[in-house]
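Assemble the whole structure, with the sequences as input and the hints as a guide.
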Amino acid sequence: MFPNLKNPVFTDIGDLNEMARQIRRDIMNMLLISKSGHSGGPLGFADVFTALYFNKLNILPEQPYADFRDYVFLSIGHIAPVWYATLARRGYFPLEELKTLRKINGRLQGHPAPLKTHGLPGVEIASGALGQGLSIAVGAAIGLRLSGKPNHVYCICGDGELNEGQIWEAAMTAAHHNVDNLTVFVDRNHCQIDNRTENVMKLEPLADKWKSFGFEVFEIDGHNMKEILDTIDKAKKVKGKPALLLTYTKMGRGVSFMEDNYKWHGVPPNDEQGRVALSELFPTKFGDFVDYYNGK
Amino acid sequence: MNFIHKTVSCLVENLDLKNPELKETRKGFGEALIELGKTNPDVVVLGGDVSGSVRSDMFRDVFPDRFFSVGVSEQDMMGTAAGLSVVGKIPFASTYGEFATGRPFDQIRQSIAYSEMNVKICASHCGLTVGPDGATHQSLEDVAIMRVLPHMYVITPCDYNQTYRAVIECTKIYAPFYIRFYRDNSPNFTNPKAPFEFGKADTLLNGDDCTIIASGLCVWESLLAAEELAKEKISIRLINMHTIKPFDTDAVVKAAKETGCIVTVEDHQKKGGLGGAVAEALAQEYPSPVEFVGASDTFGESGKGSELFEKYGISKRYIVEAVKRAIKRKK
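Chains as they are written, first to last, in the numbering used here: chain A, 1 to 296; chain B, 1001 to 1331.
Be aware that one or more of the hints could be misleading.
[What the hints assert, rightly or not] Under the rule of at most 16 Å between Cα atoms (straight-line distance), these lysine to aspartate or glutamate pairs were calculated in the EDC-like manner:
#1 Lys1193/B to Glu1013/B
#2 Lys116/A to Glu1116/B
#3 Lys149/A to Asp1042/B
To be clear, the hints were calculated from the coordinates, so they are not data collected in a lab.
Given below as structure tokens:
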């Protein structure tokens, strides 16, 4: 029933890692241009986004709302730059448009905007106010199952976001209804805006919490491409209950002075910091969408 | 009672103001859900542990596969409904008025209104008539906070017949809806054969001394007030404003021009609801004397619905007084 999806785009781990690095470069360039936005989370989850969009998802960028598509819900709307860069790299819209992040009259809103208002291909629904995405993903999964459709639903949550009560309401709903066409990622980077997560609101023992809520939990290294790919497959095979990938990452991954530092949650690099960041994320075969420092 | 014969056909034939048929508006919701269940396979219903109270259990018992319990978690219910809408379902999310609006406001704002999801929020047990349960359960702000949300339709049917029709009709428009109704038996007096269109107010009485614009249960209360006023030769134009958004500004301006003054009546705070909508419309289009009947910046308390309408100034005699005040203010 699927048309030629040209997916996976890459099967080689080296290619996938290189694309993830390019997406990190794109994120830095987007933030340098917009001078506003979040650095840490987007860099930290670039590997998972690459694994999904360049290997695992049943999607067709030319038909972003095709009936057979897998659904991706980004509950942590503030890491939008990694989503936008990934969608552009995958062909959902022109790379050039990445220059419009957070600019007026653009589609790349600071937090993902709904289709009807801004029409960015690949986005299903608004997110930004935290804690809402899992409920939406569960609703979509229940609806798809009711229709007898094979589409799979992915939801990306943060760890700081787990402070929100609605997440746990949704967790109960997912387990109560034995939702197994859903895979949840929790970006476990131990950082949120104010401080380390365990200082702001203790989350541990986090894997046990999710298990006790009825989830099959996989703990993975969110920067190990092979482990991400393999575990997505395993999670998809779980029957009768929802699956969750507790994905250990480093906020700001790939940029030494940002790594594992909660202060990089919500700020962009300045020009000097950007220069260092781009030198550490050395160029790839895919090429940049902009030459920021030479005004091109 | 000949004043009723001046009206168009929005009222049932041979309406007996002393002994009207009594029916639950919430049962109109339940019956309409069953009808939708039969005719529209995309309709699904979410239960928030009060499905018996809001009458969505009527749907559950006939279509158990399309009914999903989410427990007492209104925020999750709104998000789940949004997700069902993303994949093409028409979800009905229903609970008591306060918990359908105040508790999950942010979820409604972001995941439903901003995202323009096809979610139908249906709230029972609204206003003061939940009586003995007290102020925590008496939603008197729900219309105001739903009305400020872009994209949201806000519907306040006045009886069983109109609740039934609103629930059926809302599935024909791809948009988020808030439909407000009640727990108790109340007079069922609108003509099910009369035209009914969202955003087009119904004129029930065609008098010319003053216009009463009422919503929900207060439409009946206003009919009784009009009967009282007729005895004093004051003829009332009575408008049933069943749609608070999109608002029928034309009907309000026409009434103000033709009758010279307006009284608004609602089982809700005076501020921000129907009264607010009328005042905004007239201030912009045709400034006129307006008197407001409703809750005066106060919470309710336990008591019978009729006692509370009396204590909080929403009963017939307050409407009569407001009409007289409004007429005095006419130029």
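Right, here's what the structure says about each hint:
| no. | hint | in the structure |
| --- | --- | --- |
| 1 | Lys1193/B to Glu1013/B | 11 Å, holds |
| 2 | Lys116/A to Glu1116/B | 7 Å, holds |
| 3 | Lys149/A to Asp1042/B | 14 Å, holds |
In terms of the numbered hints stated before, the structure departs from none.
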